[in-house]
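Produce the entire structure from the sequences given, and follow the hints as far as they go.
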Amino acid sequence: MSTIPGVVAINTFREAVRDRVLYNLIFFALMMISASILVGEISIGISRLVIINLGLSAISIFGLIMAIFIGVGLVSKEIEKRTLYTLLSKPVRRWEFLVGKFGGLLLTLTVNTALMTLGLAAALFYVSGNFLRADVSILVAVYFILLELALVTALALFFSCFSSPMLSTLFTLGIYVAGIFSKDIRDIGILTLNPVMQAAARVLYYVLPNFHNFNAITAAAHGESIPVSLIWQNTAYAGLYVALVLIGASAVFSGRNLK
Amino acid sequence: MGTPAIEIEGLTKDYAVGFWRKRMRRSLDNLTLQVQEGEAFGFLGPNGAGKTTTLKLLMSLIFPTAGTARVRGRSIDNVRMHREIGYLPEQPYFYDYLTARELLDYYARLFGYPAIERRQRVTRFLEHVGLADAGDVQLRKFSKGMLQRVGIAQAIIHDPQVVFLDEPMSGLDPVGRREVRDIILDLKRQGRTVFFSTHILSDAEMLCDRVAVLLGGKLQGVGAPGEIVSMEVYGMEIFFEMRAGSSLPTALAGHAARIGERYRVEVQEEQLYSALEQLRSCEARILSVTPLRPTLEDYFLKLVARDKAAAHPAGESAR
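So the protein sequences, as listed, match chains A and B.
Numbering-wise (the working numbering), the first sequence opens with residue 20 and increments by one.
Numbering-wise (the working numbering), the second sequence opens with residue 3 and increments by one.
Bear in mind the hints are in silico, worked out from the structure with no lab data behind them.
Computed from a prediction, not measured in an experiment: that's the story for all the values here.
Partial chain A-side listing against chain B, Cβ under 7 Å, derived:
id	residue
1	Val-26
2	Asn-30
3	Arg-37
4	Pro-110
Every residue, glycine too, gets a C-beta built ideally from N, C-alpha and C.
What follows is the structure, given as structure tokens:
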């Protein structure tokens with residue numbers, strides 16, 4: 020098995036760390052500290068709910084911003100700065116480069132998310148003084164956020180293989196928003212009587228990534244348990260979708276002339 | 003003769019230009035040439051001649067419209083070919099958040115060397131390009147010459163048999179050029195094939211066993227620098243000094259140029275002895291007599307002028 024994607028991934032992670040990408044953690048920490056102090060005034064039950072909701076939402080939003088804005092530059096930056104020229108003159112296949120870049124950003128996002136989760140746990144302990152058994156759902160919600168980020172990173176990488184960073188950002192954001200509402204798109208198709216619209220809505224529902232299923236923030240905040248079947252289903256779905264998007268990205272990028 | 007180091011057959015590259023109405027522009031036209039093992043081969047041409055296009059095609063950074071190429075018998079599509087080659091792009095740029103040592107280690111990892119060997123190689127090649135003391139400095143603090151040297155180090159970190167260098171001397175000061183020239187000579191001494199593009203003709207004349215001249219994407223000629231240009235002497239150059247108070251011989255006065263205290267005059271070969279006789283008669287001190295031969299530069303400029311004349315015939319340019 021090729022070790023090249025791993026080598027590229029570690030370098031991508033190192034680039035992110037040295038570019039001070041993890042500085043977003045400072046904002047997250049400040050936000051959690053302020054929120055902990057503010058919600059201390061509210062009753063214990065609600066303060067837990069607020070902290071978990073706020074923490075998980077922030078983990079998701081910070082992660083999304085990183086996945087999109089770093090993801091769209093993963094390939095274009097290497098082409099623009101011509102660092103890719105020396106890399107591809109080595110025995111590196113283009114798909115290995117792409118998988119490595121994807122892996123590197125995912126590693127960055129995982130480390131970032133793990134550190135933010137620790138921050139959330141500390142804030143939660145500060146406001147409620149203990150952890151509950153139901154808090155395991157928070158970890159599942161974080162895991163779902165990571166799966167979502169993997170999907171968004173793959174999409175950003177795919178678009179950056181053939182379009183500018185600006186367009187790639189718009190495309191990725193567009194798909195993300197449409198993916199959140201993919202169930203509504205399917206429902207619109209069911210409601211309409213036009214067969215063309217019905218078919219189009221059905222195709223869109225299956226083609227667009229279904230981000231709705233990855234949102235377990237509310238369930239975690241209310242201490243509800245998340246079914247194991249959903250964990251398996253989301254894992255398999257994200258894995259398959261990411262693999263397909265990366266195969267597509269490799270197909271596009273392998274034929275691209277690097278002018 | 004064994005397998006050539008580089009074989010290029012009919013390599014052609016067209017680019018689509020224009021936004022709405024795309025038309026094709028030929029950047030490289032049916033290039034065919036061979037480079038033998040151990041040769042230092044210069045790829046010459048003005049900017050836009052197709053040199054970088056050729057190198058990018060050989061590195062599979064772009065794909066040919068037609069034609070094929072092989073390096074040491076392996077097709078350029080074969081990723082294993084890249085184990086045997088090194089490449090320095092034009093005006094290289096590297097990950098500036100890395101130190102030179104980290105960068106070379108990163109590239110060495112791509113060849114699968116274990117940690118101990120990587121460390122040894124990185125140290126050896128940093129020393130080889132004269133960067134032993136700058137190994138732990140981030141590349142963002144490197145000068146252009148240092149970047150060029152680290153670029154050469156990354157190209158040879160895996161001891162490739164064939165090294166491709168795109169304009170390795172461009173933009174360097176005389177000291178930097180000399181350093182890069184020495185590295186190329188060293189590679190040549192080690193028996194490696196060096197294929198480098200340049201528009202600095204004196205470097206090509208000094209370093210290359212053979213050169214190819216490219217103009218407008220078309221190959222104009224291949225051969226030893228001396229074969230490419232005619233070795234025929236077209237004149238003689240005399241440097242001399244005049245004694246105080248004496249004047250120049252009348253026959254030479256019209257075309258002798260004064261350079262400080264000295265004079266320089268160009269004469270036909272058959273007029274040399276009579277010119278020397280005249281200088282002797284007015285007690286001039288002869289400093290040097292040198293036969294004049296066309297240089298690669300003359301050949302090059304002649305080609306460019308011919309190409310321009312063909313593109314804009316007299317009638318057209320008058321309009």
